[in-house]
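Asks: Each chain is listed here by its residues.
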Amino acid sequence: MRFPTTREREYLKDLLVVLTQKEVKLRYKSSWLGYLWSVANPLAFAALYFVAFSVYMRVDIPRYPLFLIAGLFPWQWIANSTGAAPNLFLTNTSLIKKIRFPRNVLVGAAVLNDGIHFLCSIPVLVGFLLAYGSRPSWSWLIGIPVLALGQSLLVYGLALTIASLNLFFRDLERLTTLVVTFLFFLTPIVYSESMIPEKYRALLYLNPVAPLILSWRELFLSGGLDWSVISLGYLYAAGVFVVGSLIYMKLSWKFAEVV
Amino acid sequence: MTAVRFEHVSKSYPIYSQILTGLKASLLNVPQTIQRFKRHRFMALDDVSFEVGQGESVGVIGSNGSGKSTTLALTAGVLRAQSGRVEVRGRVCPLLELGAGFHPELTGRENILLNGILLGLTRREILARMDEIIAFSELESFLDQPLRTYSSGMYARLGFSVAVHLEPEVFLIDEVLAVGDLRFQAKCREKLEEFKKRRVTIVLVSHSLAEVRGFCERVIWLKDGKVAADGEPGSVIARYEAAMA
Chain A
1 MRFPTTRERE
11 YLKDLLVVLT
21 QKEVKLRYKS
31 SWLGYLWSVA
41 NPLAFAALYF
51 VAFSVYMRVD
61 IPRYPLFLIA
71 GLFPWQWIAN
81 STGAAPNLFL
91 TNTSLIKKIR
101 FPRNVLVGAA
111 VLNDGIHFLC
121 SIPVLVGFLL
131 AYGSRPSWSW
141 LIGIPVLALG
151 QSLLVYGLAL
161 TIASLNLFFR
171 DLERLTTLVV
181 TFLFFLTPIV
191 YSESMIPEKY
201 RALLYLNPVA
211 PLILSWRELF
221 LSGGLDWSVI
231 SLGYLYAAGV
241 FVVGSLIYMK
251 LSWKFAEVV
Chain B
260 MTAVRFEHVS
270 KSYPIYSQIL
280 TGLKASLLNV
290 PQTIQRFKRH
300 RFMALDDVSF
310 EVGQGESVGV
320 IGSNGSGKST
330 TLALTAGVLR
340 AQSGRVEVRG
350 RVCPLLELGA
360 GFHPELTGRE
370 NILLNGILLG
380 LTRREILARM
390 DEIIAFSELE
400 SFLDQPLRTY
410 SSGMYARLGF
420 SVAVHLEPEV
430 FLIDEVLAVG
440 DLRFQAKCRE
450 KLEEFKKRRV
460 TIVLVSHSLA
470 EVRGFCERVI
480 WLKDGKVAAD
490 GEPGSVIARY
500 EAAMA
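Residue numbers (our numbering), protein chains in the order written: chain A, 1 to 259; chain B, 260 to 504.
Hints are supplied without guarantee of correctness; some may be wrong.
[To be verified] Beyond 12 Å from chain A on every Cβ pair, some chain B residues (computed):
{"no.": "1", "residue": "Y272"}
{"no.": "2", "residue": "A335"}
{"no.": "3", "residue": "S494"}
[To be verified] Listed below are the simulated BS3-like cross-link pairs for lysine-lysine, each with C-alpha atoms no more than 30 Å apart in a straight line:
{"no.": "4", "chain 1": "A", "residue 1": "K13", "chain 2": "A", "residue 2": "K25"}
{"no.": "5", "chain 1": "A", "residue 1": "K13", "chain 2": "A", "residue 2": "K254"}
{"no.": "6", "chain 1": "A", "residue 1": "K29", "chain 2": "A", "residue 2": "K13"}
{"no.": "7", "chain 1": "B", "residue 1": "K485", "chain 2": "A", "residue 2": "K254"}
{"no.": "8", "chain 1": "A", "residue 1": "K13", "chain 2": "A", "residue 2": "K250"}
{"no.": "9", "chain 1": "A", "residue 1": "K254", "chain 2": "B", "residue 2": "K446"}
[Unchecked claim] Here are some chain A residues the structure puts well away from chain B; computed CB gaps all over 12 Å:
{"no.": "10", "residue": "P136"}
{"no.": "11", "residue": "V180"}
{"no.": "12", "residue": "V242"}
These are computed hints drawn from the structure, not numbers from a lab. Just so you know, these numbers come straight off a predicted model, no measurement behind them. Note that beta-carbon positions come from the ideal geometry of N, C-alpha and C, so glycine has one too.
Let's have the full structure, built from the sequences with the hints guiding it.
Replies: Below you can see the structure in the form of structure tokens.
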């Protein structure tokens, strides 16, 4: 290993910024309802879960709509990025076959795009908060950057793993959809962690995405920051990041042969 | 000075279509999968050696599947040789095929930045060349329009303009030597002649023998992954044509 030169660092930064800008621009350029659509999607699901779980099944959680979106918005980031991951390299075939550039930046840009998108949806959440007579807390100023960084690492690691492996095993895409749906229901988003029977509650902490999602919800609903849960979230994020990077390093030189 | 050196380079591809059929089949029968992997390989390059001096313009010819594109990909650094050594001195820039590295929804200006950065320049370096690129492309009045409104000729002009202004030291061309209408084609040729004068190394892969004959100082003929002939264009092309007839 050697340290990158100043120019190489500048280049990597520029590449990431330009590719992210491209993604963000495209999202809003192709349809001027871009922002609305992206917020509408989690909101529609929130409405659906509200009807199914609160109205029909009588789940007793106070301020349930607010509770739902406080978990759904950050979840959407994970779902969007992992959902797009299988095709990230496949849709850039001609580049990968012809140009030598760090391909993991394609993944980084996609993840940042979804992250920026999530941040842009926070005002909607604030609207709900105000409607329920609460207010954002000052702790958001620390909490949001800390959690966003952790989640970026986590989502990047997941997406890099999926994107790289999918070039070699194309049916991984179907598996991804399935696993993400499983993770969604195994993460306390439509229910609260206190509803899990005591003897199964420890299992929750085997779920790598649960600590961060729980932290987001806590932060949004009460302004609370539980540093032990956040630390666990970071531990998982770092683990997933390292695994993803190792898989990428091992396989990336073969990308041009298999895309 | 050598710009590109291939030393006993071999490259084979597994025939991936077999594992692409499914994760399940390949996981259920791992030993068999590995065996199949080892047996079914396509030799794209088989012990190839050659050198390209700095400032030389070399044409690579050969029938389909003879290893031309693999040679370019190895030179560009997107593939790794199985055995042997590939050495390239200086910054390599490939001339991309129509539209690669461009996005139809972005404007011409945004695409210049995107393409330039993918080809290895920093933002500052591209912005410093922006005016030159735009002037060369002669697309000033379309520059703030999305690329999907461009004709294919205009696409190609923009791509060529970006590529030639990146100051490559080794320029790789796959098939497309000149693009656009007749007048712009002449301009492309002029630019490439200027590259030759400035001693930029050029590797051109083409099926157009007339183009290769007119432009290159030397020709390498690849046949089934091996160098069949290497030398002065007239004689190599004559032998190639005789073999093809």
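Asks: Check the structure against each numbered hint from earlier and tell me which ones fail, lowest number first.
Replies: 1, 2 and 9
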